[in-house]
Amino acid sequence: MSHWIEPYPTGIYVRPADAWIDPSTPRERALVTHGHADHARGGHGHVWATVETLAIMGLRYGTASGTAVGYGEEIKLGGVSIRYVPAGHVLGSAQIVLEHAGERVVVTGDYKRRPDPTCKPFEPVPCDIFVTEATFGLPVFRHPDTGSEMDRLLVALHANPDRCVLVGAYALGKAQRVMAELRARGHHEPIYIHGALEKMCRLYEEFGVELGELRPAAGLPAKEMRGAIVMSPPSALNDRWSRRLPDPITAMASGWMRVRQRARQKNVELPLVISDHADWDELTDTIREIAPRETWITHGREEALLHWCMTRQIKARALALIGREDDDDTGDEG
Amino acid sequence: MRAFSQLLDGLVYTRSRNGKLELIADYMRSAPDPDRGWALAALTGNLDLKAVKSSAIGEMIRDRTDPVLFEMSRDYVGDLAETVALLWPKREDQPPEIDDGSLSLAAVIEKLQGVSRASAPAVLATMMDHLDASGRFAVLKLATGGLRVGISARLAKTGFAQAFGLEVDAVEECWHALSAPYAELFDWAEGRSERPDPSGTPFFRPFMLAHPLEEATVDLKDYAAEWKWDGIRVQIVGVGTQTRLYSRGGDDITGTFPEVAEVFSKRGVVDGELLVRGEAQGGEAASFNALQQRLGRKAVSAKMMADYPAFVRLYDILFDDDEDLRALPWTQRRARLEAFVPQLDASRFDLSSVIEAEDFESLAEIRAGARDAAIEGVMLKRRDSPYVAGRKAALWYKWKRDPLTADCVMMYAQRGHGKRSSFYSDYTFGCWTEDGELLPVGKAYSGFTDEELKGLDRFVRQNTVKRFGPVREVEKTLVLEVAFDSIHESKRHKSGLAMRFPRIARIRRDKPAAEADRIDTLRRMIG
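Keeping their order, the protein sequence lines are chains U and W. All residue numbers for the first sequence refer to the working numbering, where the first residue is 1 and numbers rise by one. All residue numbers for the second sequence refer to the working numbering, where the first residue is 335 and numbers rise by one.
A couple of the hints might just be wrong.
As the list claims (entries may be wrong) - In silico EDC-like cross-links for lysine to aspartate or glutamate, where the CA-CA straight-line distance does not exceed 20 Å: (1) W:K632 with W:D400; (2) W:K726 with W:E501; (3) W:K845 with W:D679; (4) W:K445 with W:D400; (5) U:K76 with U:D145; (6) W:K788 with U:D239; (7) W:K828 with W:D791; (8) W:K424 with U:E28; (9) W:K788 with U:D281; (10) W:K424 with U:D281; (11) U:K120 with U:E103; (12) W:K828 with W:D736; (13) W:K632 with W:E593; (14) W:K800 with U:D239; (15) W:K424 with U:D285; (16) U:K315 with W:D400.
Claimed, not checked - Calculated Cβ distances over 12 Å to all of chain W for the following chain U residues: (17) Y13; (18) I249; (19) K266.
If you are wondering where the hints come from, they were derived from the structure by calculation, not from laboratory data. Just so it is clear, CB atoms sit at the ideal spot from N, CA and C, and this is done for glycine as well.
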């Protein structure tokens, strides 16, 4: 297929701009949708991203040469007009809207449609080619209402004043979203955090997302954390780090928690189905709403979404991008 | 339905026994009647529903969803009921992913009781439309007859007893006089009526258990010695019109061993060891490995019964007719048992003999010389001991045969559960083949101290060579001395061997891995 947008396993190449979207190997010119490591890698020559994403990349990879692009602002690269539009995934996440030769292409990166107090909501942009993620591209993934999941967390917390609830959540995005949701429900007690969350939480606060009182869990006596919420990255849930905690109830906030076996494998006692990705209904509703001429499906379970498109006479193709985290075992995203 | 489906979810995810008991107790106190009675029936395995076939569930989902998407989903999730529960597309006019509260557990049970093969798909589909994913999963599991929440009937009853400050044994004593949804039981538990009278129905009495003897010795003037047989402990309860067989946990296993219950027509309660006869043993008791072929089956084929014929070797008698013998000293119960056994079918019941030994030293010699496949060790029972539930200090001791040991090499490690979830505490170990290949022979997760566990955990973390999900493969350098009760042929491991009760006896950091035992050496220990 001859087109000015070319998908490769290592990223999407925008030929007239000579730039790559979310490349998985170092490139001279990179357009980055958001700060998660499977989309934002270090070592690029020059990066175009939102100011929040650039700050996140700076935190992770040290300062890099980059141009901050505000939401809605239009930039031109080699005759391609480029806009960054909120994707509702995490702080600073954007869809990249590209226009060239009378055609508009939208690359979603990762997105969700549900409200999230830590980032701007997804904005649907009509387009010719819609490049969508498919992390939860199976009809079994239907995330329940966030409020009911938060209620379950608070009920478990209040029912166990002698224990703590240890919530495993991805360090960028999910952790801060759970904190902000707790605060919105009137939970103003200190939240104890694993060292790996500190810098990212501070960065969120610098961008105006209020997370309330956070205390480092390190070095505290167990009894101080009784009846409290403790948060860590998922990898620390069942590790040596958690031994110091007062008889923790292990919770995990992830879209994968909807499948029992996944929760059981991780020894999770309180699975919270809270996801920063679109679930099946959001994916299919969004394709219907945008009604593009063509849908390109990237990382995740492309096959099922492709089948759904075909049975509805929606022209679609699956792109095989490498290096996207298919699973939370390594990336912890979900 | 939501309270019940939340209870089931909680039981699946909660690791600790106390945590599970609390969940059950909370539910029993707060759920309305008759829901909580039906829940108790479901948890104790006493819900007698005609099972809906999984083909009905398949038919139901094909009517509602794209078959390709369904198959892809099922491939991903694995379990049919869970797949359907998760992806069920509700009718447009129903609230998505919300249990609308219109279906109580009792209403679900009533619908399931009235369902026929033809009506099942439509009846289930209507229920699915009113529930959330947890509720749908619970209904589908109830309908297909397997809750699989990993709790025993005994644990469910203990949770019930805890809810109302009752003794579980008191609940157990009247349990079988009752049927679901147990209105009289709740009336009694909440002080509205007397305890239900169980006479006339067979029911389980909690077993008397033994402490390990360990380093102690006893005087045989005070203690009688018997063989400890390596089968499963059973209680047989006959009321004349019917007979029930109970396992140690109080589960009714009559259906698993029908040939035993059928020929017991006496009234009374006896305690013994269920064993199977083996050809290799000349029709005598075979090893536990042979018995295992018959465990856990709901229905048993004629071939199974012919290949592994079951019988019970009797240890004790609790009731003779209606006479409660439990308060009598062991010597008197033994005399009553010896008089009782000849009245039973000799092909299915015999008497576990008392070991005659001069003194403790000669008993030790007899025990050391016993290499019968079905002998696990020796029991020591105080001659004046009454039959009391549970483990009471100094009344009964078990003195297992000295374990066999082998030096094995750690191969894989996995994290434990509960308090041990941060430790690599489950180890797979192997022995060498002729060709110098290491093959797994067993898996152990006990026998070490907390201090030793920390050391083993550190070894695993520092010597990981590969990861497979939760499992780590380690450098083949650490020798573990493994103790086990016996070893058998088995298809479970590539080595063709499986150990019974393996545990880590010592950590042999002094021993080079190449000097660990060979598979051949283990094979010679099969007994």
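Hint check:
1. With a C-alpha separation of about 35 Å, the suggested pairing of K632 (chain W) with D400 (chain W) is violated against the 20 Å cut-off.
2. A distance of roughly 17 Å separates the Cα atoms of K726 (chain W) and E501 (chain W); the hinted pair therefore holds under the 20 Å criterion.
3. For a cut-off of 20 Å, the pair hint linking K845 (chain W) to D679 (chain W) is broken: about 55 Å separates their Cα positions.
4. Proximity of K445 (chain W) to D400 (chain W) is assessed by CA-CA distance (about 27 Å); at most 20 Å being required, the pair is judged violated.
5. A distance of roughly 40 Å separates the Cα atoms of K76 (chain U) and D145 (chain U); the hinted pair therefore is violated under the 20 Å criterion.
6. The hinted pair formed by K788 (chain W) and D239 (chain U) meets the criterion: a straight-line CA distance of about 13 Å does not exceed 20 Å.
7. In summary, the hint linking K828 (chain W) to D791 (chain W) is not supported, as the alpha carbons are separated by about 26 Å, beyond the 20 Å threshold.
8. The straight-line distance between the Cα atoms of K424 (chain W) and E28 (chain U) is roughly 49 Å, outside the 20 Å bound, and the hint therefore fails.
9. For the proposed pair K788 (chain W) and D281 (chain U), the alpha carbon gap of about 47 Å is over 20 Å, so the pair is violated.
10. For the suggested pair K424 (chain W) and D281 (chain U), the alpha carbons sit about 12 Å apart, so the restraint of at most 20 Å is met.
11. Straight-line distance between C-alpha atoms of K120 (chain U) and E103 (chain U) comes to about 26 Å, which puts the hinted pair past the 20 Å bound.
12. With a C-alpha separation of about 27 Å, the suggested pair K828 (chain W) and D736 (chain W) falls outside the 20 Å cut-off, and the hint is violated.
13. A threshold of 20 Å between alpha carbons decides the hint, and for K632 (chain W) with E593 (chain W) the separation of about 14 Å falls inside it, so the pair holds.
14. In summary, the hint linking K800 (chain W) to D239 (chain U) is supported, as the alpha carbons are separated by about 18 Å, within the 20 Å threshold.
15. Proposed proximity of K424 (chain W) and D285 (chain U) is supported: the alpha carbons are some 16 Å apart, at most 20 Å.
16. As the CA atoms of K315 (chain U) and D400 (chain W) are separated by approximately 18 Å, the hinted pair is consistent with the 20 Å bound.
17. Here Y13 (chain U) stays apart from chain W, with its beta-carbon at least about 30 Å from theirs, past the 12 Å limit.
18. Interface exclusion of I249 (chain U) from chain W breaks down, the closest Cβ pair being 9 Å apart, not more than 12 Å.
19. Against the 12 Å criterion, K266 (chain U) falls within the reach of chain W, whose nearest CB is about 8 Å from its own CB.
In this structure, the earlier hints numbered 1, 3, 4, 5, 7, 8, 9, 11, 12, 18, 19 are contradicted, and the remaining ones agree with it.
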